[in-house]
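> Since chain W is already given, all that's left is putting chain D on it; use the hints.
2 protein chains.
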Amino acid sequence: MSHRLTTDMLLPMFQNDVLACLDDGAVLDVQGLRLAFSTDTYTVDPIFFPGGDIGDLAVNGTVNDLAMCGANPLYLSVGLILEEGLAMEALKRVLQSMKRAAAAAGVTIVTGDTKVVPKGAADRLFINTSGIGLLHPHIRISGSRARPGDRIILSGTMADHGVTILTQREKLHFDSPVKSDSAPLNHMVKKMFMASRDIHVLRDPTRGGVGTALNEIAIQSQVGIHIEEDKIPIAKEVSGICELLGFDPLYLANEGKLLAFVKPDHADRVLAAVKRDSFGKEACIIGEVVADHPKKVVMKTRIGGSRIVDMLAGEQLPRIC
Amino acid sequence: MSHRLTTDMLLPMFQNDVLACLDDGAVLDVQGLRLAFSTDTYTVDPIFFPGGDIGDLAVNGTVNDLAMCGANPLYLSVGLILEEGLAMEALKRVLQSMKRAAAAAGVTIVTGDTKVVPKGAADRLFINTSGIGLLHPHIRISGSRARPGDRIILSGTMADHGVTILTQREKLHFDSPVKSDSAPLNHMVKKMFMASRDIHVLRDPTRGGVGTALNEIAIQSQVGIHIEEDKIPIAKEVSGICELLGFDPLYLANEGKLLAFVKPDHADRVLAAVKRDSFGKEACIIGEVVADHPKKVVMKTRIGGSRIVDMLAGEQLPRIC
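Order-wise, the sequence lines are chains W and D.
By our numbering, the letter at position 6 of the first sequence is numbered 6, and the numbering carries on one by one without gaps.
By our numbering, the letter at position 64 of the second sequence is numbered 64, and the numbering carries on one by one without gaps.
You may find that some hints are simply not true.
The list treats identical chains as interchangeable, and a pair is accepted whether it falls inside one copy or across any two copies.
[Unchecked claim] Mimicking SDA-like on lysine to any residue, the simulated pairs with C-alpha atoms at most 20 Å apart in a straight line are:
#1 K191 <-> P264
#2 K179 <-> E288
#3 K119 <-> L317
#4 K190 <-> Q31
#5 K99 <-> K236
Keep in mind the hints are simulated off the structure, nothing from the lab.
Chain W with its partners taken away, still in its complex shape:
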C-alpha cells in the first residue's frame, strides 16, 4: 500500500529526476559537491523494545539511508511530535539514546523542531530525522545499477527487528528473547568502499524486509534475482518464532542490515570487509543477479524447489519503524 501510494500518487505529483530514482535518499549536485539528502519518520510502537528504542532507530535509520546512497553521513535534523502528557522521563531516555546513536555513527545533530499536540492527537512520540551526507568520490550507487552476475551480500541475520516489535506488541514472551538489530551501517560501508569501488547497489532492507528490497531492486534495474534460502542467515529463535506465528521472515524489517550488489570478482573482498565490521560478522553471499526472469526474485528453497518471492501483497504491518 505504501509502495503504491508512493508510485501512484506521490511520484507523479512531485515528478523530478532525483525523486524518480526511488533510492533511500536523494543525491544532489550543489555547486560541484555531491550531497546525499534523506528523510524518515519514525512511529514505532512500542517506543522502547529489546535492542533499542525509537530514538536510536531514528538516528540509525537516516544514517543508514545516507550510507545506502554511498555517502558519509554528516549532519542530522530532528523533528519531534510529542503528545501532551508524555512522561518527561521517557522523552529524556529517548533523547539520550539519540545522543548515543549520533555519537556512535559520528554524525552531528545540528537543527531541530518540537511540536506538542493535545492528548489523543498523536500516540506519545513521533520522530522525523533528515540527514545530509557527502558522497564518497567516484562512487555511483543506485538501485538501478544491478547487473547480471553481481553477487548479493546480506550483512547478517534477517528479521530481527520485525520479530522483536511483533512479539513485543502482542505481549508474547519467549524463552530466548530476540532483540532489534538497530545499528549504524556507515562505518561498514566505508570499509566496503575501501575494499572495492565496484559496488553497484546498497539497500537496507527495513520495512518490507529482504524480500521487498530485492523486488524493488529487480524492478529498478530490470534484472532477475536468484537467491538461495539456506544461505540467508537467520537466528534460530527468529526462525522458530516466524514458524510458530506464520510470518515469512523475508518480509520482516531489519534495522541494522544491508544488501550489497557487487561485481562478481570483487564479492569476496567486499564480503571480508563487511565481516570486519562489528555489525557484519554473520554476513553471507545469498545469491546473484541473473539475466533470466527480469523483474522477478526467485528463491531456491531449502528442500530444493523454486519459489517466486513476490512483492509483499496486502497490508504491511504498521508502526514497525
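Relative to the frame of chain W, chain D by itself:
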C-alpha cells in the same frame, strides 16, 4: 514551554556550536560550501483554512527558515504521517498545494517518506519538511548580530495566520473573514540582499509571533529593542477580532512575514526592496535596537505610554502551525 523544553532539555543534550546558535536553521560548512539546513514539523489544526492548508504551510515554513539563515532554498524533503482512514481526496489536495508552493518558491522536493498509523494514533495528517539552501556569498545572518542603531523592519501586517487558525478552530465566523498569510519569503530576501549586505538579523515571527521573536533576538544579541505600537502594521479585522477575544496580536503566529534588523543608513533602501516584493507591500520600520535595557523589548504604546513586551508566559496555543 516549548522554549523551555528547547533550552533546558534539548540543547544541553545535543550541545554543539551549530545548534547552540538557536537560529531558524543550521549553517554548515561542507568542504568550503556554506549550506543552510532546517527542519520543521506541521501539525496545524484544521488542515485546511482560509489562505492555505497544512501543505503550503509546510513548504513555505521550511523555505522561510532557510531564507532567514540568509540562504537560497534549493531542496526539500517531505515526511508524511497519515492516519489510517484519511480521505484520499484530502491528501491529494494537500499534496497539490505542496507542489504549487514548491513551484512558487522555486524549490525541488527530492526525497520523502510516508508512514501510515492506525486510526486514533495521529490526527489525520502531520507533515515534516526539511530543507537545504545555499548561503548567499558574504552574508552573515544571525539572531546574535543585532547592534544598537539597527532599524527593525516588519514586512507586513501581523497576526493574520494566528487569528485565522484560532477563529477557524473555534468555529467563529466573522463578517470580514481573515486569512492566513502563508507565503514564501525567499524572493523577498533575495531582493533585500541586492539592496544591502548590511542586514544583521532575519527572523520569521511564526509561533509566538512578533513579540516572542523580538525577545529571542534581544536575548541572543544582548541588546535592548524599542518598538512603536502605532507603526506595527495590522489589518483592521485582525485587530478587531483580537480585541473582541482578548488576544494580544504581538504573540500570534505569522507565516509569511519577516523581521529584518538593518544597519541604520541602509534601512530605507532595504525597506524599499521589501516593498517591491508582492508579499511586502505593507512593510514598515517598526522600531530600532538600543543600548538601553539589554535583553528587554519595550514598546511605546499608542496612547504614549511604555510597556515591556515580555517573552510569552504560560502555554502557547498548540497546533497553530
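> Now tell me, hint by hint, if it's right for this structure.
Hint check results:
Proximity of K191 and P264 under a CA criterion of 20 Å is satisfied intra-copy only: 18 Å inside one chain copy versus 55 Å between copies. Neither within a single protomer nor between protomers do K179 and E288 lie at most 20 Å apart by alpha-carbon distance, with minima of 29 Å and 58 Å respectively. When the C-alpha separation of K119 and L317 is checked against a cutoff of 20 Å, the pair qualifies only between copies, where the shortest distance is 14 Å, while the shortest distance within a copy is 24 Å. With identical chains, the CA atoms of K190 and Q31 are at most 20 Å apart between copies only, with a shortest distance of 19 Å across copies and 24 Å within one.
Proximity of K99 to K236 under the C-alpha cut-off of 20 Å is found in neither arrangement, the shortest distances being 32 Å within a copy and 48 Å between copies.
Hints 2, 5 from the list above are not met by this structure, while the remaining hints are.
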